[in-house]
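If you read the sequences in order, they're chains F and W. Here the first sequence is numbered in our numbering, starting from 448 and rising by one per residue. Here the second sequence is numbered in our numbering, starting from 224 and rising by one per residue.
Because the hints were derived from the structure by calculation, they are not lab data. Predicted, not measured: the structure shown is a model, and the values here were computed from it.
As a list, the in silico BS3-like pairs of lysine-lysine whose alpha-carbon atoms are at most 25 Å apart:
no. : chain 1 : residue 1 : chain 2 : residue 2
1   : W       : K334      : F       : K860
2   : W       : K344      : W       : K317
3   : W       : K286      : W       : K344
4   : W       : K286      : F       : K864
5   : W       : K350      : W       : K284
6   : F       : K860      : W       : K268
7   : W       : K350      : W       : K286
8   : W       : K268      : W       : K334
9   : F       : K864      : F       : K777
Stretch-level coverage of chain W by chain F, calculated; a stretch enters the list once three of its residues show a Cβ under 8 Å from a Cβ in chain F:
no. : segment
10  : 229–237
11  : 279–291
Built from N, CA and C at the ideal position, the CB exists for glycine as well.
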Amino acid sequence: MALAPSSTPMLTQTDVARIRSEFPILKERPHGKPLVFLDSAASSQKPIQVIDAMDDYYRRYHANIHRGVYHISELATEAYEEARRKIARFIGAPEAEECIYVRNATEGINLVAYSWGRTNIRRGDAIVVTEMEHHSNLVPWQILAQQTGASLRFVRVTDDGMLDLHDLDRLLDGAKLFAFTAVSNTLGTVNDVAFLSARARAAGAVSVVDACQAVPRMPVDVAAWGSDFVAFSAHKMLGPTGVGIIWGRRELLEAMPPFMAGGGMIGVVRLESSTYAGIPARFEAGTPAIAEAVGFGVAVDYLTAIGMDRIHRYELELAAYALERLRKMKNVVVYGPGIEHRTGVISLTVGDIHAHDLATILDSEGICVRAGHHCNQPLMERLDVPATARASFYLYNTPAEVDALVAGIEKAKAIFKIA
Amino acid sequence: MNDFSGMDALYRDFILDHYRNPRNAGTLEQPDASFEDLNPLCGDKIRMDLRIRDGVVEDVKFKGRGCAISQASASLLTESIKGKRVAEIDAIGKEDVLENLGISISAARLKCALLGLKVLKQALALKYADD
Ligand SMILES: Cc1ncc(COP(=O)(O)O)c(C=O)c1O
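All chains, full assembly: derive it from the sequences and hints.
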């Protein structure tokens with residue numbers, strides 16, 4: 448992903464200062480230090496607009512949706528569906544009905560594995576996944592393979608943390624499904640989703656894209672990607688926990704049986720059998736996360752108003768600065784590819800300091816980083832590291848926070864008596 | 224040294240020493256009791272092997288990887304149980320391990336500090352369940 452020249456202006460320090468003022472949590476002072484939140488890849492913070500919208504929903508128009516004929520139920524239904532339309536536009540989905548609300552990306556991927564997978568995958572079929580998948584986009588396919596008698600094939604990762612595509616067409620030959628991440632949550636590697644989706648289609652395989660780390664941080668157009676299913680979570684893109692989207696092409700979704708059954712997803716119900724609603728209702732059994740959907744819509748408004756292009760370029764700028772500073776540090780190892788192939792997610796180790804100890808010391812400075820295997824155990828084994836500390840940047844982070852991270856790492860080195 | 228906001232108290236010299244030079248590191252051939260466990264959240268891993276004669280721990284070795292807290296704690300634990308009766312080891316509690324470490328451990332790191340003890344107890348439980 449190149450730093451594409453663009454007509455839109457960069458995010459300035461003033462823009463970022465205004466953005467920061469809209470995130471109440473950034474005023475917190477853990478251990479008496481300013482909060483330096485560098486773990487947005489795990490879950491982002493929320494602007495006041497999102498918090499207020501959910502609060503407003505509960506105060507003024509909470510009611511179940513698609514059920515009541517009264518005014519506030521109509522308001523709730525409209526807000527829920529309006530959010531779906533906003534999200535659909537945001538990701539370039541041809542139709543809002545193709546966007547199914549789920550609890551999170553994990554549930555979205557499981558929906559595809561259970562509903563599409565158990566209808567279409569048979570004994571002897573092949574499922575292709577990559578070595579850099581989050582467990583959420585690996586374990587559901589392992590279970591599907593075990594239960595159907597299908598086999599798994601793996602796209603491997605190169606030493607510099609990229610997908611090794613030299614034998615992709617051979618791996619895809621005869622495969623029914625190809626599941627891959629758009630962006631690695633551990634290395635920040637950006638994959639070429641349009642290319643991978645096209646190769647899958649050419650081989651007759653359905654593509655399932657884990658877009659958890661892409662939708663929050665770069666412009667995404669699922670139609671231009673040419674993928675079949677795309678999953679992501681609201682909580683990583685300024686929205687609340689408890690809601691996410693699985694987008695799928697209409698013709699695929701319409702041919703799929705329900706994943707969960709209950710109220711709201713039916714057509715006609717008789718004691719012995721029922722018919723099912725069309726999409727998206729067929730896949731949204733039971734009362735959904737209404738307040739969260741409303742908050743998700745406002746999060747998308749917030750990102751749209753700033754512009755994903757600008758957010759992406761700002762994040763790359765921070766990442767480039769961080770990489771430059773970190774790579775100059777003695778005894779600091781940074782994993783993953785160069786800036787031209789990555790985004791603002793940086794995994795590192797420092798001397799013989801275990802990632803946990805590093806994270807504890809950084810925490811004492813108010814700096815939040817993730818430590819561990821990042822739900823990415825096969826990738827960690829591939830790179831032969833037991834655990835890394837991961838810093839991830841987002842639109843509210845600043846170069847000064849990169850400096851704080853560097854200073855925190857220096858402190859850790861001093862405590863562990865490392866040069 | 225400057226202000227390390229308690230971090231230099233947590234990562235004291237003897238903790239770093241046990242981390243970098245773990246006592247009783249390694250494995251035993253044909254141990255009388257053995258167990259390996261990991262903390263799946265962080266990937267810390269510890270294996271403990273014991274040689275037991277007449278209800279007394281004659282030798283103990285541990286092998287692991289993980290943070291300074293988990294490895295130092297396990298190392299200290301192996302030192303403290305050598306030559307002890309199994310009944311005495313049964314009586315070792317979390318408080319004893321934390322006291323032995325001599326540092327205050329935050330809730331988030333408690334699992335690390337106690338992993339060695341957990342593995343030790345499970346090794347013994349397994350052995351005496353078999354008998
Ligand atoms: C790449 C990737 N896939 C999947 C997930 C799972 O997301 P969720 O827990 O919201 O379902 C994450 C989040 O950690 C992720 O980074």
